[in-house]
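Colleague: Could you put together the complete structure from these sequences and hints?
Chains as they are written, first to last, in this note's numbering: chain A, 262 to 401; chain B, 121 to 287.
Check the hints yourself; a few may be wrong.
To be verified - Within a straight-line C-alpha distance of at most 25 angstroms, the following computed PhoX-like cross-link-like pairs (lysine-lysine) qualify:
no., chain 1, residue 1, chain 2, residue 2
1, A, Lys343, B, Lys241
2, A, Lys370, A, Lys278
3, A, Lys370, A, Lys270
4, B, Lys228, B, Lys124
5, A, Lys310, A, Lys343
6, A, Lys343, A, Lys365
7, A, Lys343, B, Lys124
8, B, Lys124, A, Lys370
9, B, Lys124, A, Lys310
10, A, Lys310, A, Lys370
11, B, Lys241, B, Lys228
12, A, Lys343, A, Lys284
13, B, Lys183, A, Lys343
14, A, Lys310, B, Lys183
15, B, Lys228, A, Lys343
16, B, Lys193, A, Lys310
17, A, Lys365, A, Lys310
Don't read these hints as lab results, they were simulated from the structure.
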Amino acid sequence: MALSAKNLKVGDVHTAKLVEDLKRTQIVQYAGASGDYNPLHTDEIFTTKVAGYPSVFAHGMLTMGMTGKMLTDYVGDARLTKYGVRFTSQVFPGDDLEARATVKALTEKDGAILVELDVSTTNQNGVEVLSGYAEARVDA
Amino acid sequence: MATKTFPVEASHILMFARSVGDDNRVYADADYAKTTEAGGIIAPPTFAQASAQFDPDYFLRPKIGQPWFGSGKNPTGITRSAEGGGGGGGGGGGLHAEQHFEYHRQLKAGDVLTATTFPGKTWEKEGRRSGKLVFSESVTEYRDQNGDLVITARGVGVRTERPVEQK
Numbered sequence: 262m263a264l265s266a267k268n269l270k271v272g273d274v275h276t277a278k279l280v281e282d283l284k285r286t287q288i289v290q291y292a293g294a295s296g297d298y299n300p301l302h303t304d305e306i307f308t309t310k311v312a313g314y315p316s317v318f319a320h321g322m323l324t325m326g327m328t329g330k331m332l333t334d335y336v337g338d339a340r341l342t343k344y345g346v347r348f349t350s351q352v353f354p355g356d357d358l359e360a361r362a363t364v365k366a367l368t369e370k371d372g373a374i375l376v377e378l379d380v381s382t383t384n385q386n387g388v389e390v391l392s393g394y395a396e397a398r399v400d401a
Numbered sequence: 121m122a123t124k125t126f127p128v129e130a131s132h133i134l135m136f137a138r139s140v141g142d143d144n145r146v147y148a149d150a151d152y153a154k155t156t157e158a159g160g161i162i163a164p165p166t167f168a169q170a171s172a173q174f175d176p177d178y179f180l181r182p183k184i185g186q187p188w189f190g191s192g193k194n195p196t197g198i199t200r201s202a203e204g205g206g207g208g209g210g211g212g213g214g215l216h217a218e219q220h221f222e223y224h225r226q227l228k229a230g231d232v233l234t235a236t237t238f239p240g241k242t243w244e245k246e247g248r249r250s251g252k253l254v255f256s257e258s259v260t261e262y263r264d265q266n267g268d269l270v271i272t273a274r275g276v277g278v279r280t281e282r283p284v285e286q287k
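Modeller: Here it is as structure tokens:
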């Protein structure tokens, strides 16, 4: 399951489709699970009439969570040591998202071998919606 | 954010994993999870964010008997004083700009975390698509039942002068 340093090199790329045609219901599902009930994510009337956005939009943390699946599917369970992102554009219902991890470096710390990854998620128009990094323990 | 106790429960992990579209059985099936390197049900990487459920003061959850700013009869349930035309913050404390996690060990079902939040830096920037941006940072340390640090989380929120223009 886990990655091996001997099979990795800088520049290696792993990609995964996260979602096609993101549904409002999934955003509602994330609101309920995470406890973030900000109406901007689920309440079309509030969001368009009061907040001034064209429609509800996804929690940044939903995109980070979906992108996290790409990472854990790649590096294996219980292997991440760091994961951080900036939310660079909003994600709206109907969006298709694809995430990409690129091997930036292989390092060693306290006897553990670590892979450093650049992380990026883009929408169907090629706009980056999330930009970040991750670090994970890998086998020798 | 108030310091609070955050019991990490398997059923909550299951619902959270579903919501982010993650069908990995290590989040859902205890018998399977035992056979993996994780050794039992673990939490997905961003699960600590769900600690909001256990923050009694969390302002983005409707509270019994208190006004709520989402729509009901009217587009908002709260009559607010002028706040710059509704602003990109949408009356709810702004948008999430960044989130960072450092995992000191894997978070598992059965852990009971205590979260302590420290305020961080604040800074301003002129944004192309939303006017003046005010950023503020906070750091939350999640410690387990033994007092050991499990996750350090750093979040950055942003308040925008006006709603973000769409590209």
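Colleague: Against each hint, give a clear statement of whether it holds in the structure.
Modeller: The hints, checked one at a time:
no.	hint	in the structure
1	A/Lys343 - B/Lys241	21 angstroms, holds
2	A/Lys370 - A/Lys278	32 angstroms, violated
3	A/Lys370 - A/Lys270	18 angstroms, holds
4	B/Lys228 - B/Lys124	18 angstroms, holds
5	A/Lys310 - A/Lys343	39 angstroms, violated
6	A/Lys343 - A/Lys365	14 angstroms, holds
7	A/Lys343 - B/Lys124	24 angstroms, holds
8	B/Lys124 - A/Lys370	33 angstroms, violated
9	B/Lys124 - A/Lys310	35 angstroms, violated
10	A/Lys310 - A/Lys370	52 angstroms, violated
11	B/Lys241 - B/Lys228	31 angstroms, violated
12	A/Lys343 - A/Lys284	29 angstroms, violated
13	B/Lys183 - A/Lys343	34 angstroms, violated
14	A/Lys310 - B/Lys183	23 angstroms, holds
15	B/Lys228 - A/Lys343	17 angstroms, holds
16	B/Lys193 - A/Lys310	13 angstroms, holds
17	A/Lys365 - A/Lys310	44 angstroms, violated
Taken one by one, the earlier hints fail for this structure at numbers 2, 5, 8, 9, 10, 11, 12, 13 and 17, listed in ascending order.
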